[in-house]
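Numbering (this note's numbering), first residue to last: 352 to 430.
Honestly, the hints are just simulated from the structure, not real lab data. No experiment lies behind these values; they were computed from the predicted model shown. Zero decoy hints are in this set.
Here are the simulated distance ranges between beta carbons: (1) Pro-371 with Lys-418: 38 to 44 Å; (2) Val-387 with Gly-361: 20 to 26 Å; (3) Gly-361 with Leu-415: 28 to 34 Å; (4) Pro-399 with Ser-370: 16 to 22 Å; (5) Pro-419 with Trp-353: 35 to 41 Å; (6) Arg-372 with Pro-399: 20 to 26 Å; (7) Arg-365 with Pro-399: 16 to 22 Å; (8) Arg-372 with Lys-406: 25 to 31 Å; (9) Gly-385 with Ser-409: 16 to 22 Å; (10) Leu-415 with Val-367: 32 to 38 Å; (11) Val-367 with Leu-388: 18 to 24 Å.
Just so it is clear, CB atoms sit at the ideal spot from N, CA and C, and this is done for glycine as well.
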Amino acid sequence: MWGFATTHWGLAQRFVARSPRVSLKPELLLVDLGDVLTTGGVTAYLAPSLHLVSKQASPELAALCAKPRSAAASRRAPA
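Whenever a hint applies, use it, and build me the whole structure from the sequences.
Okay, structure coming up:
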């Protein structure tokens, strides 16, 4: 196993077929393995953007950025 990732539910079967050594966690919005971020969903760009703001600046700033977009500032993967 090479770790785990997430993707859009509509791509889950294709992901598993193409990457059998990666454990797919489609129930997660975002997976951060340090040097690799994976995400899924209609606003897939938003989750990693807010995650990076949280890590590089602060969780408070990420929450402030998320508020007008009605997005979750954090939904962490299991450690």
